[in-house]
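Chemist: Now for the letters of each chain:
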Amino acid sequence: MTTERIDDVWGARTPHPRATAWPTRVDLHLEDGVSEADVDRWVQSACLLCSNGCGCDIAVKDGRMVGVRGRETDRVNHGRLGPKGLYGSTPWASSPDRLTRPLVREGGRLVETDWDTAMGRIVERSRQLLDEEGPLTHGFYTSGQLFLEEYYVQAVVGKAGIGTPHMDGNTRLCTATSAAAFKESFGADGQPGSYEDIEHCDALFLYGHNMAETQTVLWSRVLDRTHGDDPPRVVCVDPRRTTVAAEAERTGGVHLRPRVGTNQALMNALTRELMENGWVDEAYVATHTIGFDDLRSVVAPYTPEEAERVCGVPADDVRRAARIFGEAEAPLSTVLQGFYQSHQATAASVAVHNLHLLRGMIGRPGAGVLQMNGQPTAQNNRECGADGDLTGFRNWDNPEHVRQLADQWNVDPMTIPHWAPPTHVMQMFSYAEAGSIELLWISATNPAVSMPESARIRRILSKPEVFVIVQDLFLTETAELADVVLPAAGWGEKTGCFTNVDRTVHLSEQAVDPPGEARSDLDIFVAYADAMGFVDRDGAPLVKWRTPEQVFEAWKESTRGRPVDYTGLTYAKLRGPSGIQWPVNEEHPDGTARLYADGVFPSDTDVCETYGHDLVTGATVTEQEHRALAPGGRAFLKGAPYLPPHEEPDDAYPLRYTTGRSVYQFHTRTKTGRSRPLDDAAPDAWVELAAADAEARGIADGDRVRVESPRGAIEVRARIGRVMEGAVFAPFHYGHWDPAGTAEDADARQANELTMTVWDPVSKQPVFKTAACQVTRIGG
Amino acid sequence: MPHLSTYVGLADHSEKTLADSFRAVADGHAHVSDVHFTCLTLAGWSDDHRHRLASVVERYGEDTDIDEPERLHAAGLAEVREGEVGLLRDLQDLHVLASLVQTTWTVVAQGAQGLRDTELLEVAHHCNAETSRQLSWLNTRMKVAAPQALIVSP
Chain A
1 MTTERIDDVW GARTPHPRAT AWPTRVDLHL EDGVSEADVD RWVQSACLLC SNGCGCDIAV
61 KDGRMVGVRG RETDRVNHGR LGPKGLYGST PWASSPDRLT RPLVREGGRL VETDWDTAMG
121 RIVERSRQLL DEEGPLTHGF YTSGQLFLEE YYVQAVVGKA GIGTPHMDGN TRLCTATSAA
181 AFKESFGADG QPGSYEDIEH CDALFLYGHN MAETQTVLWS RVLDRTHGDD PPRVVCVDPR
241 RTTVAAEAER TGGVHLRPRV GTNQALMNAL TRELMENGWV DEAYVATHTI GFDDLRSVVA
301 PYTPEEAERV CGVPADDVRR AARIFGEAEA PLSTVLQGFY QSHQATAASV AVHNLHLLRG
361 MIGRPGAGVL QMNGQPTAQN NRECGADGDL TGFRNWDNPE HVRQLADQWN VDPMTIPHWA
421 PPTHVMQMFS YAEAGSIELL WISATNPAVS MPESARIRRI LSKPEVFVIV QDLFLTETAE
481 LADVVLPAAG WGEKTGCFTN VDRTVHLSEQ AVDPPGEARS DLDIFVAYAD AMGFVDRDGA
541 PLVKWRTPEQ VFEAWKESTR GRPVDYTGLT YAKLRGPSGI QWPVNEEHPD GTARLYADGV
601 FPSDTDVCET YGHDLVTGAT VTEQEHRALA PGGRAFLKGA PYLPPHEEPD DAYPLRYTTG
661 RSVYQFHTRT KTGRSRPLDD AAPDAWVELA AADAEARGIA DGDRVRVESP RGAIEVRARI
721 GRVMEGAVFA PFHYGHWDPA GTAEDADARQ ANELTMTVWD PVSKQPVFKT AACQVTRIGG
Chain B
1 MPHLSTYVGL ADHSEKTLAD SFRAVADGHA HVSDVHFTCL TLAGWSDDHR HRLASVVERY
61 GEDTDIDEPE RLHAAGLAEV REGEVGLLRD LQDLHVLASL VQTTWTVVAQ GAQGLRDTEL
121 LEVAHHCNAE TSRQLSWLNT RMKVAAPQAL IVSP
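In the order they appear, the protein sequences are chains A and B.
First residue of the first sequence: 1, per UniProt numbering; consecutive thereafter.
First residue of the second sequence: 1, per UniProt numbering; consecutive thereafter.
Same shape as in the complex, but just chain A:
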C-alpha cells in the first residue's frame, strides 16, 4: 500500500500566479490488492475527516468501501485529498469492532439486544419523564459529523416534538465562536469569503489556525500560491512555531507569538495601528458600519508597546503585521481554534472582522474572511439548529421568527423553546450533574474524551440518575458509560448533504449497506418520533418524512427568505460536477461565491439572527436596544478590552497549558485510529515543551513526564521545541482506547483531564487553550 501522503502531507506542488485558477491534481487511494480496474463502482461524496469538505468518490468493490479518489471537478479541492481523507475514510467501516446490534445495560453491564427492546427502553423512560416532569428533563448532545437531514430531523423532534431548549452539538467545542462572531459583526451566521480568495489575496493572515495540519488540502492551495509568481505575504498568529509560522517568515510576513490567553490585547493593538496610520476606508466605515467611535476608545490604550508587555510580541512585529494588513489590496484572514478555544474567543474573532470592515476589505476576490470550522458538518448543525441555534439562522428572541417555524411545523409557537438562549453543552452537563436533566442523548460524539475536565464529564455520564443514550459506530469511551447504545450507520452507508467552511454544499450518497442492524441517525430519530407519537396541531405525525431527500425538501422550505437560502438546490443539482455554495435561489441559481459584496449585512432588527451580546459579559442586547441602534444592514464594529485569563500561572503551576491537534488524527480517533497508516504515524499522546523549560526541569527529548493542573494529570513522552517558553502543548485526541496496543499508559494520556470548566461568555465555547500546569520528569 502506498502511503506517501503520510510523509508528504501536502503532496506535489502545482504553483501558479495570482488570480489564475488552482491547477488540478487527483489523489487516489485504494486498499492493498485493489486496483482501479477492480473497482465495481464509484459513488459521489465528500470527505468527512476535516472541515474542508473535499469532493471525492468512494470506491466500492464487492459491497465494501475500498478507497477514495478526489473529484477533479470539485471547486473545493480540485482533485486533492489529504492524509486523513485518503487513508482514514474507509478502513473503519469494515473494522471488526463495529457496533452491529443495540446494547442495553443489564446488571451494570452492556448486553446485546434487538431494536424493539432498546427503543422500547428509551421510549419508556422518555415518556415517563415527559409525563412527570416535562421536557426540561431531556438533553440532546449531537455532533459535527452527521448530515444536514439528520440534524434537521433532530431539531424538529427536539424543538417541536419534545420542546426542550437543551440541545447542542460538539460544534460547541469546535465552531461555536465562528457562528457567534458572524452574528455579532454581521447580524447572522454565514461565511463571507470563498476558498477562491486564496487565489486572489496579496496578504494572508492565519489567526490561531494551524492550517498546515488541520486542513491540509487548503494549505496545499496556499502553498501553490506562496510558491508561484506574485505570492501573498503570510502572517501567522500562533504561540507555536508551526509550519504556517515558518511559511510566514519565508514569504516576508511575520510570525506573531502571543502568550497563550492574550489574543485580545494583540488584536486591539493591530486595530489601533490601522486607525493611527490612516489605514481606514472612512467612506466604507461611514456607510456600512456602526460603532467606530466606541471601538476607537476601546483600543486606544493598546499601543504596540502595550501589546509587547501583555503578549510578549515585539512591538515592531505588531507594527509590521499591521502595515502588511493596512497596505494590502486584497487581504484574506482565516481563524481557528487558537482563537475559538482560547480566552476571549468571540471578542478576538470579532476583532478580525473589525480589521476587514475598517478597511472595507470584504466581499471582493481576495479580500475576505474565512472563520473556519473544526468539523465537516458543523455548519449544518448551525443551520438546522441542532446545536443551540434556531433553525434557518432565525432569532429565538424574535416572535415572528418563532412563528414562521411553528407555522411550517404546524405546532403551537409555545412548544418551541424560545424563552432564553438554547442551552449550551457545558450548562447541560451541569444540569445533569445537578439532577435536573435526567435523559441525555448523545449522537456521534465522544464527550468522555473531548470535553474539558473530562474526569467530571465521565462522573456525570456514570450517574445512575442520568439515563444516557449513545448512538455511534463503535463502543467509544462515552458509549461504555451509556444505558442504551444504538449502532449507527456511518458515512458511505447512508445518504445526505453537508456543507463546508465556505458554504459549499455536497451530496454524499450511500455506497454500501450498513453492517448488521446498524441504522442511520436519521432513521433512528424518525423511529423515536414515531414511537413517541409526536403529532402536529392537526394530529398528523410531526415527522412526516422517511427518506433523506424528503427531509432535504422540507429543510429547503425552512430556509426560504433567510440568509442560508437552500431553495434553489436539489439532490439532482448536487449530483453535478461540483459542490455548490449557498445561498442558492432564483436570484442566484448557481450559488454565491461571496457574501456582502454590496456591503449590506443581515443586521436589520427584523432580519438578524441575534440582537447581539456584550462581548465581555455575554449579556444579551434587547430588541428595543437593537432597534434604537437602527443597524439597517450595517455591520457592527464591536470591541472589548483585554482581560487576564481565568487561570494564570503561579508557583505551583508555573506553565501555560494548551491543547491541539495532530495532522494524522481527527477528533477522538474513532475513524483515523482505525487506519493503520494514520495510527502508526501518531499512535500515542505526547507533550511539547520549550527547550529552556525542559532544561530547567532536567527533561530531555523523549523522556516520560507528568503534566499536572489543579484538575488532573497525564503522563506522556516529552518533545522539545516548537512551543514558546512558558507554554506546554498536548494533543487532545487520545483517550484510553488504544487500537494498536502500543500506548505506554492509555489511562494517563487524556489531555482534557487538565483543562478547565470555563467558556466564552458569548459563544459558550469551552476554553481548551488556557490553563496553568506544571511538568516534572518521571523517567527516561
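In short, the hints are calculated from the structure, not lab data.
No experiment lies behind these values; they were computed from the predicted model shown.
Careful, some of the hints might be misleading.
Derived contacts from chain B toward chain A, CB cut-off under 8 Å, selection only [unchecked claim]:
1. S33
2. D34
3. F37
4. T38
5. V152
Quick list of in silico lysine to aspartate or glutamate cross-link-like pairs, DMTMM-like style, CA-CA up to 25 Å [what the hints assert, rightly or not]:
6. K573/A - E587/A
7. K143/B - E625/A
8. K143/B - D412/A
9. K143/B - E433/A
10. K143/B - D606/A
11. K143/B - D614/A
12. K16/B - D614/A
A few chain A residues that don't get close to chain B, going by computed Cβ distances all over 12 Å [to be verified]:
13. R98
14. I290
15. P654
16. G780
Positions of the beta carbon are idealized from the N, C-alpha and C atoms, including for glycine.
Position chain B relative to chain A; hints supplied.
Modeler: Frame of chain A, contents of chain B only:
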C-alpha cells in the same frame, strides 16, 4: 450642596455593597463557572467606579448625616443561597442592588449637570453605563436559569 454630597456618598457606599455582594455570589457559587468569573469581573467594575469617584468625593465631601436618603442604603449579600433556585434568588438580589446603584448615578448626574461639573458628570455617565451592563448580564443570566430552576430543579 449637602444633598449632592449625600448622594455622592451613597454612590460610593452602594458600589461597595454591590462589589462585595458580587464577590460573595462568585465565591458562593464557585462551581457555576460563568457566574463565578463574570461576578468577579463585575465586582471589579464597581471597584473601578469607586476609584473614579474618589477625587470627587474629596471635593464635595461624603456626607452621611442626612437621614432621608439613608433609608435607601441596602444591605448586601453576606451569604449566598444554595442550589439552582438559590442562585436565581441571589442574582435577583444583585439586580436590586445594582438598580439602586444605577438610580443613584442618575441622581448624581442630574446634580452634576446643575452644577456644570463636567468631571463628575463624566464619572456619573460612565458608571451609569457600566451599571446598565451589570444589570443586563444579571437579567440575561436570570432568564437562562429560571425555567430549569423553577420547574425541574430537584
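Chemist: Each hint: holds or not?
Modeler: The hints, checked one at a time:
Checking S33/B against chain A: minimum C-beta separation of about 5 Å stays under 8 Å; hint holds. Residue-level restraint check for D34/B holds (minimum Cβ-Cβ distance to chain A is 7 Å; threshold 8 Å). At its closest, the beta carbon of F37/B sits 6 Å from a beta carbon of chain A; the interface hint therefore holds under the 8 Å criterion. Look at T38/B: its Cβ gets to within about 6 Å of chain A, closer than 8 Å, so that hint holds up.
Given the 8 Å rule on beta carbons, the hint for V152/B holds: about 4 Å separates it from the nearest Cβ of chain A. Restraint check for K573/A and E587/A: the C-alpha separation of about 16 Å stays at or below 25 Å, so the hint holds. A distance of roughly 17 Å separates the Cα atoms of K143/B and E625/A; the hinted pair therefore holds under the 25 Å criterion. Among the hinted pairs, K143/B with D412/A is consistent with the structure: their alpha-carbon atoms are about 21 Å apart, no more than 25 Å.
Only pairs whose Cα atoms come within 25 Å are accepted, and K143/B paired with E433/A is accepted, the gap being roughly 20 Å. Using a Cα cut-off of 25 Å, the hinted pair K143/B and D606/A holds, with the two alpha carbons roughly 22 Å apart. Proximity of K143/B to D614/A is assessed by CA-CA distance (about 16 Å); at most 25 Å being required, the pair is judged to hold. Restraint check: the Cα-Cα separation between K16/B and D614/A comes to about 23 Å, which is no more than 25 Å; the hinted pair holds.
A cut-off of 12 Å between C-beta atoms confirms that R98/A is not in contact with chain B; the least separation is 37 Å. Distance check for I290/A against chain B: the nearest CB is about 17 Å away, which clears 12 Å, and the non-interface claim stands. Every C-beta of chain B lies more than 12 Å from that of P654/A, the closest at about 22 Å, which supports listing it as non-interface. Separation of G780/A from chain B is adequate, the least Cβ-Cβ distance of about 39 Å exceeding the 12 Å criterion.
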